[in-house]
Amino acid sequence: MDLKEKLVSSFLVFEDNIDVDNDVHDIRSKAIKNFEAKGFPSKKEEAWKYTSLNSLQKIDFSLFPKKESAIEYKDVKKYFLHEIDTYKIVFIDGIYSSYLSETTHDGVDICLMSAALTKPMYKPVIDVYFNKVASKDESLTTLNTAFSKEGAYIYIPKNKAPKKPVEIIHFSTGNEAALLLQPRNLIVVEENAELQVIERHQSLTTNDTFTNSVTEIFADKNAIVDYYKLQNDANTASLIDNTYTDQKDTSIVSVHTFSFGGKLTRNNLNFYQNGERIDSVMKGVTILGEKQHVDHHTLVHHIEPNCESHQDYKGIYGEKSTGVFNGKIIVDKIAQKTNAFQKNNNILISDKATINSKPQLEIFADDVKCSHGCTIGQLDEDALFYLQSRGIPKKEAQALLMYAFANNVLESVKIPELKTRINKLIANKLGVRLGFDL
Amino acid sequence: MLKINNLHAQVEDKEILKGINLEVKAGEVHAIMGPNGAGKSTLASVIAGKEEFEVTKGDVVLDGENLEEDSPEERAHKGVFLSFQYPVEIPGVSVTNFVKTAINESRKARGEEDMPAKDMLKLIREKSDLLEIDRKFLSRSLNEGFSGGEKKRNEIFQMAMLEPKLAILDETDSGLDIDALRIVANGVNKLKSKDNAVIVITHYQRLLDYIVPDYVHVLHNGKIVKSGTKELALELEEKGYDWLKNETIES
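Those protein sequence lines, which keep their order, are chains Y and E. Numbering follows the working numbering, with no gaps: position 243 of the first sequence is 243. Numbering follows the working numbering, with no gaps: position 222 of the second sequence is 1222.
No lab work stands behind these hints, which were simulated from the structure alone. Among the clues, some could well be false.
Within a straight-line C-alpha distance of at most 25 Å, the following computed DSS-like cross-link-like pairs (lysine-lysine) qualify [what the hints assert, rightly or not]:
{"#": "1", "chain 1": "Y", "residue 1": "Lys-424", "chain 2": "E", "residue 2": "Lys-1078"}
{"#": "2", "chain 1": "Y", "residue 1": "Lys-394", "chain 2": "E", "residue 2": "Lys-1078"}
{"#": "3", "chain 1": "Y", "residue 1": "Lys-395", "chain 2": "E", "residue 2": "Lys-1136"}
{"#": "4", "chain 1": "Y", "residue 1": "Lys-123", "chain 2": "Y", "residue 2": "Lys-38"}
{"#": "5", "chain 1": "Y", "residue 1": "Lys-77", "chain 2": "E", "residue 2": "Lys-1018"}
{"#": "6", "chain 1": "Y", "residue 1": "Lys-320", "chain 2": "Y", "residue 2": "Lys-132"}
{"#": "7", "chain 1": "E", "residue 1": "Lys-1136", "chain 2": "Y", "residue 2": "Lys-414"}
In silico negatives: residues of chain Y with every beta carbon more than 12 Å from chain E [what the hints assert, rightly or not]:
{"#": "8", "residue": "Tyr-73"}
{"#": "9", "residue": "Asp-75"}
{"#": "10", "residue": "Leu-400"}
Quantities reported herein were computed from a predicted structural model and do not represent experimental measurements. Backbone N, C-alpha and C define an ideal beta-carbon position, used for all residues, glycine too.
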């Protein structure tokens, strides 16, 4: 049985274990029908031209883990931003781990999707926001919607900001030979409220893991949301991240994506600007080797006038790694005075590495500033000579230049400890002894 | 210390250095002057080992050792320093961290341990005072957003930290106002000793008022066409380069 059939037929099993008599389940039922009609995307579709899901579909994934696994904190401490205090929503093989988590209801709700989807007190929020910005027809999103049950639920009411950042971490332990996870996150940040989130998916095994995640982010007037995705997973882990952001007037939402590993990673990042004077920021650093593959698909839809979007993606590709950047910007006719900027710079450090970079601009307004630039190149010889002339060996000098190349994306990271952590990851990834503490 | 014998160098089949002979002894300051395109910067780059330039004839010898096979970093480890006309910006790496890395790489190459942090700090303090560099400046990203003057001062700061045997200053005076020029020149003068040597490459005589050369050479069309003492620089300032070009043709 192929994966699609298995998923569709297991929907009945899924229904056995949940309350099916509610609005949310109507949404799920519609979604599974949609997925059944569409199936997994194939390379024939333009948006999936460079990323194939064929090999993943051949794996016999378990859809519902049979047993809970325990993890000792000391064994996974390094995956947490343990240098600072954070709220934590942690899942092990898709199941919430209260032991590793720290949730709160102190003025804000930082807790579980399973609670939000079932308890009456959350119903008003769920009714307004759940599945409202996520696509109703993109097949992987509908697949996630059909099985939506667990994930992170974050609700920050008007004028509030949680005391500390929130970490959402998914561990997979290898208890199953192959595991498919479908976390579903809902993040609502009301007027004048603020939130910082760090998300990571970490496989602790060499067994296959396939995560198809959907996150909906709603930023109301004047809200500020900073979302950091840390993707440094094992070479047997694949991730499809579908993030949908709905922004209202003068809100600022930034998503930083750090892609340093994993077998196949696809980031579908969609921003919808439903208001004026909005800023949407998308930044990424990708450093890949071996046969790793990352595909960044971004979309910014400028729906109203006087808004901005800023995209800056940097990639360093070695060995046989492959990368894709596809940045789509739509500016509606009414969205005058839009400023949309997009940059994608890449360095190939191996003859066998590949990058496909494609800007896609659809501009229907006439008074806008849109710029896009994409470069693919090698390291600057003059810069290399400069470093070497100071006694720094060529290999180290190359690494230092790559480090510098990737580094300026980090400037906008607002959590200093996270910035330091990512700096170190970049240095390690580039295999350089920089000779100093970062 | 440095002996350059009949040096020919080319880039992409275009010969730029056409037989340079130069000897620099320890304790000396040499100035190399000449019009644009004479090959001054190329000479500096070739001594420092830039791979883009192909040495087709002749050699560069440092303390009796032919540098031909040495990479730029190996030359640096042996005590060659080139102050760049256009220093490169390295975002995310502070001046301090860069200098530390450079010093420790040289030490590693000589089989020495890393410099202890305390000594490093002391040295940084001493040398930044010498060049009147603000401490805050040292934690900024290397050359990023630096003014022309800051870049040059930072180059000489690195030179002070690395204590090279042979320092080549390529157009260090360009982009400097008179105060910055004085500070930079003062730094270079204080670093001068009987054991090291300096080659100053410049278009104008101005810098040589502050860093007084023992010898002045005029480079034109890939060759040294005239050598003399510091008075030659004054003569050039007065007459320009044209009279020399003519003289060369006559001779």
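Each hint tested on the structure:
1. Y/Lys-424 to E/Lys-1078: violated (31 Å)
2. Y/Lys-394 to E/Lys-1078: Judged against 25 Å, a Cα distance of about 16 Å means the pair holds.
3. Y/Lys-395 to E/Lys-1136: Not satisfied, since the Cα-Cα distance of roughly 30 Å exceeds 25 Å.
4. Y/Lys-123 to Y/Lys-38: Between Y/Lys-123 and Y/Lys-38 the Cα gap is close to 30 Å, so the pair fails against 25 Å, i.e. violated.
5. Y/Lys-77 to E/Lys-1018: violated (64 Å)
6. Y/Lys-320 to Y/Lys-132: Not satisfied, since the Cα-Cα distance of roughly 39 Å exceeds 25 Å.
7. E/Lys-1136 to Y/Lys-414: holds (21 Å)
8. Tyr-73: holds (32 Å)
9. Asp-75: For Y/Asp-75, whose nearest Cβ neighbour in chain E is about 32 Å away, the distance exceeds 12 Å, so it holds.
10. Leu-400: violated (7 Å)
The structure fails hints 1, 3, 4, 5, 6, 10 (numbered hints given earlier, in ascending order).
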